[in-house]
Amino acid sequence: MTTPALLLGHPLASQENARYALLTMSRIRKFEEAVEDLFGRGMMHGTMHLSIGQEASPVGVCMALNLEDQITSTHRGHGHCIAKGADPVRMVAELLGKENGYCGGRGGSMHIADVETGNLGANGIVGGGIPIAVGAALSSQLMKKGTVVISFFGDGAMNEGAFHEAANLASIWKLPVVFICENNGYGMSSSTELAFNLEKLSDRGLGYGIPGITLDGNDVSAVYEATEAAVKRAKSGEGPTLLEFVTYRWKGHSRSDKNLYRTKEEIDEWKTKDPILHFEHVVVERGLLTEADIAEQHRLATEQVIAAVNEAMKGKPADPAGLLDAVFKKVSA
Amino acid sequence: MTTPALLLGHPLASQENARYALLTMSRIRKFEEAVEDLFGRGMMHGTMHLSIGQEASPVGVCMALNLEDQITSTHRGHGHCIAKGADPVRMVAELLGKENGYCGGRGGSMHIADVETGNLGANGIVGGGIPIAVGAALSSQLMKKGTVVISFFGDGAMNEGAFHEAANLASIWKLPVVFICENNGYGMSSSTELAFNLEKLSDRGLGYGIPGITLDGNDVSAVYEATEAAVKRAKSGEGPTLLEFVTYRWKGHSRSDKNLYRTKEEIDEWKTKDPILHFEHVVVERGLLTEADIAEQHRLATEQVIAAVNEAMKGKPADPAGLLDAVFKKVSA
Amino acid sequence: MSDRKLTMSEALREAMSIALDERPEVFILGEDIGIYGGAFGVTGDLYHRYGKERIRDTPISELGIVGTAVGAALSGMRPIVEIQFSDFTAQAMDQIVNQAAKIHFMVGGGLHVPLVLRTASGSGTGAAAQHSQSLEGWFANVPGLKVVIPSSPYEAKGLLLSAIDDPNPVIFLEHKLLYKVAGTEDVPEGAYRIPLGVSRVVREGKDLTVVATGIMVTRVLAAAAELDKEGINITLIDPRTISPLDMEPVYASLAKTGRLMVVQEAPEHGGFINEVIARVVTGPSLGHLIAPVTRLAGMNVPIPYAPQLEKAAVPQVEDIIKQAREVVVNWR
Amino acid sequence: MSDRKLTMSEALREAMSIALDERPEVFILGEDIGIYGGAFGVTGDLYHRYGKERIRDTPISELGIVGTAVGAALSGMRPIVEIQFSDFTAQAMDQIVNQAAKIHFMVGGGLHVPLVLRTASGSGTGAAAQHSQSLEGWFANVPGLKVVIPSSPYEAKGLLLSAIDDPNPVIFLEHKLLYKVAGTEDVPEGAYRIPLGVSRVVREGKDLTVVATGIMVTRVLAAAAELDKEGINITLIDPRTISPLDMEPVYASLAKTGRLMVVQEAPEHGGFINEVIARVVTGPSLGHLIAPVTRLAGMNVPIPYAPQLEKAAVPQVEDIIKQAREVVVNWR
Ligand SMILES: Cc1ncc(C[n+]2csc(CCOP(=O)(O)OP(=O)(O)O)c2C)c(N)n1
Ligand SMILES: Cc1ncc(C[n+]2csc(CCOP(=O)(O)OP(=O)(O)O)c2C)c(N)n1
Ligand SMILES: [Mg+2]
Ligand SMILES: [Mg+2]
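Residue numbers (my numbering), protein chains in the order written: chain A, 684 to 1016; chain B, 684 to 1016; chain C, 467 to 798; chain D, 467 to 798.
Since the hints were made in silico from the structure, they are not lab data. The beta-carbon is built from N, C-alpha and C at its ideal position, and this holds for glycine as well. Heads up, some of the hints might be wrong.
What the hints assert, rightly or not - To be clear about the criterion: a stretch of chain D counts as covered by chain C if any three or more of its residues have a C-beta under 8 Å from a C-beta of chain C, and this derived list gives those stretches:
no., segment
1, 607-616
2, 658-670
3, 690-698
4, 760-769
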């Protein structure tokens, strides 16, 4: 896996980057379609939160990062994980409860972390990762790492006290963190109209002295540019930015969701704003990629995901014998 | 005890009201001086947070309320309590750990509540009362009481998650609550400059769609007017307002405070902005009260406080025998 | 009605519906309890029947929600709060413990907090460590809270109605594996109340007294049916409320069986069930014991994700059979 | 140095100072720990010696502070968090329990959280119900946390240094009445470590084994001195860490005394000390008991304000004397 940002000047400036963006968005989508299928066939356990329709955000954001830069993710974290460079084999293996899964089968979809690619972990607690991101940013500042930390969270998470306390600390200490609100319109069934008395959720930054920007979260290029600027600001010691990416999840909140709180029309309407299709149009229009290039990226993505699933299936089921030993890190002598 | 708001058109409009405001501010100050003295002489136990220098806020606010309107208070709550109409005898008795204290000796200074005057209680937890005020406002809305709830808190409390979650709920449900931040410049030793990246703390309302106003918290008349407007807004169903009253505490945070985090000059400077003296100047200047009137209010205040202390001293010490029975309210048959 | 084998979700919903009908001051608040019908479907159609004022959807703000409920309870209402997973009570612990539990006491009795906090507890759905805890021990050690753990639909309905009647804060812990399972007893259609603080003797047997709550009642029952075949007969006692805890039936049973086994899903170390052991060995039953007390509890690990790990982490029917058999056989 | 009778505050400060010197990744964060020197004066002059980056004053945001510490611990630092009163851990329970305690396990071992959370625990200062709780039972029942309760300045220093070394989250509960009391043992000036998970036999006596932590160690010692005069001799065992809990010295002592008394300040119902009882009666000591186990704990009430009430609510020296005497005399 190459480190995306190293490839990049501007996201649309090179074929290589355009291909990378498309391939990665496609891999996220195919990955989630594949695990949804496995889940539907009863081969996976637990719950699952799909980010289909939201792929531009993780990809655009992570393309603006270096490998050393860190992220914290959410319950809806497959995209963040893949975009930051995780190994899909170990992801699927985790979902299948295998020993070679990222968490050795102990965490599942909501707890995948990948230290090597700077992913400090998904989180099953809404808002739970936000103060953690701020803490990692404090480490960066104290240790003069020169890195940034991205805190991904949903619109719903902004109403948790954790957001509030973390945002204030980041602002007063000018920490190198970027708050990224993936506003998909709903926190489970709770619409942003009902949960907020605000036009733009990015205005919530005003209460902390944090600049806030709202933009189209389905435009990978816009996402990249806004992130790059916020990252630069963070790394130069000017403190956090709050980016609100407006997007939509096509699937239900989780498997048990009957979608009673929104209309089919609304969902269909948003499908026309597919971030992947949107990006394809742009790159073709600008003559950056051909239709064949595009098809090739999707083919590659499919191939990679199928290979990952097949490989993951071969893993050994996690063994209960190791549980007690896994609770504490051993005290080194 | 008369219900102050019933007397009122405008706080300065009548001699009666001006006298009431002065008497009440003076009573708060004398009360706190008296308990500080008792404390210093080892007759009181525990801790104590004095609001000397901040008397305009409780008095101005409570004059804009009816008896049925409710308040939630803080660890620094003697003023709120007295201004809302509490009986100083039972207050002192509580501080002395007497059976006839407000809490039967079980709560002490940080837990005095007075249901009859609509005081839902002081709170030892910074920010703890804010969601409770919002809940009381929800009761008011659901039961169509036509009342407002005042949530008093300090600047420091605004950085607690409790403030955040409560503010958002109040805003989206347009609850009849007024948030009153008594900004005395410090949360214990933590200055607002260090704890916030904001010019005005009332700007924090922006993140919730709550209008915020900052004003001189040592001007009882300004406090009254702002509160009255916010109360009217709340009662007419338009939702919460955030009022920031800028003030200062003359004494240390609590008894153990050595005041290392601020200068003597700063304290002295603020003493020149004494809310009581300020009000005296205004009423004399406008010819509303004479110097004799003023002296009379202070005399009355002193008399009442001394009488309260003497009366409270006579109370029976709280008896441990009742403790177990006091934990749960009895289930009525 | 002769055949009313409801699920626990249905029984809970029925209880709430009755309370909503009986008392105008009852209302429900929580995340996704409206149109969505609740994360576990417990509120179901109540939103359509009672409207959005009384079945109040909230933003994702557990601390705010519980605090709001405390304030509402202080001033005339009777809120029922639903917290989707008991793990998220961690967000609201200040309002639960420092406010709701203590206000009546701290202020000298002038205020009280008639609040019910319902929440889904326990493991078994593959939701992993942040969605599967059994936290009853936290609440049990907080004076001022009542703590209820229903073990069947019938019990759930009667206990919830009593919890709503109670003028004090009640934590109501519903095991998520029980929600969708139909009970074996009929659930009467109208109102009935099961008092808080009265243990239930679920079944009687001569050899061993087992104390368990919630899902463990189901598992012990299954184990007991197996052990019956071996001639080992179990008395099962379900305290139903762990605060207050009614020990009388346990003492009475131990006078007959002389053997005690306690079972819980929560991690063993520092778990609530130790209270039962402590009361027995410091109390009137001590002289009746003819075998060492035995306890079976969850492993001291966060709940893992993979099904084989998750099962291993908490007592299963086979574990109960094995341990129960051992104590009876070894101490004939 | 021959006479180094420090207070617990001083000993804790010394431990932190050594850790700050030893490891650049150690830093302290909390409310009023800077110029103010800490709500109980524990950080004292560290701010002046190490500067505001490493002795980091925070706004009033317990959840944010602990979460920030978790994130910092995950990425190379070793934060020590001070929470002014243990009651306010309620604000931060999500980060303590759902994050810090579980991350290492949940993510499969790739991350760990070397975090120490120091906080003031217990009653006795008239601060009432929201500032006086003993909450060790909550943390003990959470797999993934270590829980330390020092009982003297000497112990505090050695245990805190080990807690800081530990790669896992450690909850360090300091009884507020101990802060200003000088210990009876000298506290060595340099670094020394007392391993976590090793109980200490504080004194030995033939008649009764008492298990207690924190301030109760002091009170049991005072009681033991009185009882010595009556010819009743007590062994006192201080586990020092309740998670992990080292029971071996308790078993060894019971083999000699045959009598067990457990003492805690926390409310009796569902309190941690039950774990000790459970281990004893389900473990190797059962056969050695010649008297019923006896427990002495806080009343099941929130801590009240008035001194006479506050004293009555938790075990005092006289209560310990009385109950210890009773069990020894009645079971000669
Ligand atoms: C503290 C907490 N409260 C509630 C939940 C249950 N829950 C899981 S995801 C979710 C919705 C989150 O909404 P949002 O933050 O907008 O993220 P999205 O799911 O839309 O990506 C809820 C309520 C939780 N996991 N944690
Ligand atoms: C949750 C919580 N954190 C910390 C404290 C300790 N404490 C008591 S008062 C106080 C300062 C509060 O500052 P502010 O809200 O500005 O009120 P003020 O004391 O200035 O009136 C602190 C830190 C507490 N009681 N509760
Ligand atoms: Mg969302
Ligand atoms: Mg202040």
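Compare the structure with the hints numbered earlier in the document and write down the numbers of the violated ones, lowest to highest. 2 and 3
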